[in-house]
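Go ahead and model the full structure; you've got the sequences and the hints to work with.
Spelled out from the first residue to the last, the chains are:
2 protein chains.
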Amino acid sequence: MKILIIEDEKELSASIASYLATQEYACDLAENFSEALDKIETLDYDCILLDISLPGGNGLKILEILKQNNKSDGVLIISAKNSLDDKIQGLNLGADDYLPKPFHLSELSARIAAIIRRKNFDGHSLVKFHNLTIDTQSKVVTVNEAPIVLTKKEYELLLYFVSNKRKVISKDAIARYLWGDDMAGSFDFIYTHIKNLRKKLGDAGEADYIKSIYGMGYKFSD
Amino acid sequence: MKILIIEDEKELSASIASYLATQEYACDLAENFSEALDKIETLDYDCILLDISLPGGNGLKILEILKQNNKSDGVLIISAKNSLDDKIQGLNLGADDYLPKPFHLSELSARIAAIIRRKNFDGHSLVKFHNLTIDTQSKVVTVNEAPIVLTKKEYELLLYFVSNKRKVISKDAIARYLWGDDMAGSFDFIYTHIKNLRKKLGDAGEADYIKSIYGMGYKFSD
DNA sequence: CTAATTCTTCAACTTCTCTTCAAATTCACA
DNA sequence: TGTGAATTTGAAGAGAAGTTGAAGAATTAG
Numbered sequence: 000m001k002i003l004i005i006e007d008e009k010e011l012s013a014s015i016a017s018y019l020a021t022q023e024y025a026c027d028l029a030e031n032f033s034e035a036l037d038k039i040e041t042l043d044y045d046c047i048l049l050d051i052s053l054p055g056g057n058g059l060k061i062l063e064i065l066k067q068n069n070k071s072d073g074v075l076i077i078s079a080k081n082s083l084d085d086k087i088q089g090l091n092l093g094a095d096d097y098l099p100k101p102f103h104l105s106e107l108s109a110r111i112a113a114i115i116r117r118k119n120f121d122g123h124s125l126v127k128f129h130n131l132t133i134d135t136q137s138k139v140v141t142v143n144e145a146p147i148v149l150t151k152k153e154y155e156l157l158l159y160f161v162s163n164k165r166k167v168i169s170k171d172a173i174a175r176y177l178w179g180d181d182m183a184g185s186f187d188f189i190y191t192h193i194k195n196l197r198k199k200l201g202d203a204g205e206a207d208y209i210k211s212i213y214g215m216g217y218k219f220s221d
Numbered sequence: 000m001k002i003l004i005i006e007d008e009k010e011l012s013a014s015i016a017s018y019l020a021t022q023e024y025a026c027d028l029a030e031n032f033s034e035a036l037d038k039i040e041t042l043d044y045d046c047i048l049l050d051i052s053l054p055g056g057n058g059l060k061i062l063e064i065l066k067q068n069n070k071s072d073g074v075l076i077i078s079a080k081n082s083l084d085d086k087i088q089g090l091n092l093g094a095d096d097y098l099p100k101p102f103h104l105s106e107l108s109a110r111i112a113a114i115i116r117r118k119n120f121d122g123h124s125l126v127k128f129h130n131l132t133i134d135t136q137s138k139v140v141t142v143n144e145a146p147i148v149l150t151k152k153e154y155e156l157l158l159y160f161v162s163n164k165r166k167v168i169s170k171d172a173i174a175r176y177l178w179g180d181d182m183a184g185s186f187d188f189i190y191t192h193i194k195n196l197r198k199k200l201g202d203a204g205e206a207d208y209i210k211s212i213y214g215m216g217y218k219f220s221d
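Chains as they are written, first to last, in numbering that gives the first Met the number 0: chain A, 0 to 221; chain B, 0 to 221.
No wet-lab data here; the hints were simulated from the structure.
Just so we're clear, the structure is a prediction, and the values are computed from it rather than from any experiment.
You can trust all of the hints, since none of them are fake.
In the DSSO-like style, the derived pairs of lysine-lysine whose C-alpha atoms are separated by at most 27 Å in a straight line are:
(1) A/170 - B/138
(2) A/166 - B/138
(3) B/151 - A/170
(4) B/151 - A/210
(5) A/170 - B/152
(6) B/151 - A/194
(7) B/199 - A/210
(8) B/138 - A/218
(9) A/210 - B/127
(10) A/166 - B/199
(11) B/66 - A/9
(12) B/138 - A/194
(13) B/70 - A/1
With beta-carbon atoms standing in for the labels, derived distance ranges:
(14) A/66 - B/186: 54 to 60 Å
(15) B/197 - A/0: 43 to 49 Å
(16) A/127 - B/33: 47 to 53 Å
(17) A/213 - B/186: 20 to 26 Å
(18) B/166 - A/152: 42 to 48 Å
(19) B/159 - A/195: 34 to 40 Å
(20) B/33 - A/109: 47 to 53 Å
(21) A/100 - B/212: 56 to 62 Å
For each residue, glycine too, the CB sits at the ideal point set by N, CA and C.
Have a look at this one:
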């Protein structure tokens, strides 16, 4: 479970992070507006702790951006300003919960657990990458909201790509993932399935997500 | 895990070192400005404890130099001067945390653990050398933030250089690393790959990292 | 059981990398 | 400063890696 902590008080965020680490959460820290945007863009988090009163840009702005990118699931607002106004505004923008400072780390942890539970529950098992979404429950893949039809192998391949986005994946790894450990020899399957997947993504308007890295494998990125 | 302690009070640094040794950290000590620079240049540390109030040069100066060399990840400032000013300046320069004296060794240890965890987590397994970074997951190499495209052999060669930076590497060792043990005879491959790597690094603005040591091999340094 | 779909195999083709080689240059040492 | 050895360089062919289309095998659906 990955958590992003957007908080400018370093001592606080460090202690949150070290506490959450004991609960098996992996934390990323962002201490200002631009850092936060950066992390949000490059990684997906199971939960985002957002301090509203952030220097260099308002925390609510971040929430808006998350909302626009369909990533506002799992946001827990923390704030010293315990004003009703902030709270309402935050929840309206799609935050899942609101926790006024100061708080006990155990309460924070409980709320995070609740948010993640909820998120994984309501059919939100969506894996996303830009305008591409994969619903791992219904197994429906959409590009720009329009569904595309994939075969089973193509679906598994795409899911593997998206969940390892921006990493170079060796053909060996792909072979092991799709066919199990005993896939010595030829990569002809892979070539063909990649060709077909590229074709279908291309037809749907999103070519070029799957890059070949000569001699190394493939990389799914933008 | 390697830790550098930059601290002029010998008793303090000794007791920190011996405590951290019990936690499986290996500590190096530097008790003044020049010693610190020396250690920083020759070795990479997982965490650096930096006393701001250092004789013979300000500790913040060291932080600046670390920052310039892209080594400011993992710096924990310790200081008796518990002024807000120092703190802000330190954190602006990229330190990860700030611990005012006096402190409990257990707290120090907890913060170090947090810093190392953070560093390994959001560092994406980055190998760095000055303005050069190698992301070993995405296999992307950047010079001054701009990505450069390398072939597989070039990438492996560069990675070998960077992980053996500032050491003289024999062509035999390079050959064994890149092609396995059975590479008797000619070094023509190496010459060519080094030429190409130099070209690409040069085009990206960083020539001269790869030095030839006549009759011995090569050295990657600045 | 048949038809349709999907998966795998194969071969021709394209693209990019690696290696080879010879000529030019640099270096250490006498 | 001259000499042989070490290194650099550019060019080009060999070779590996990746792409593509087509067709047979396997699987699934009706």
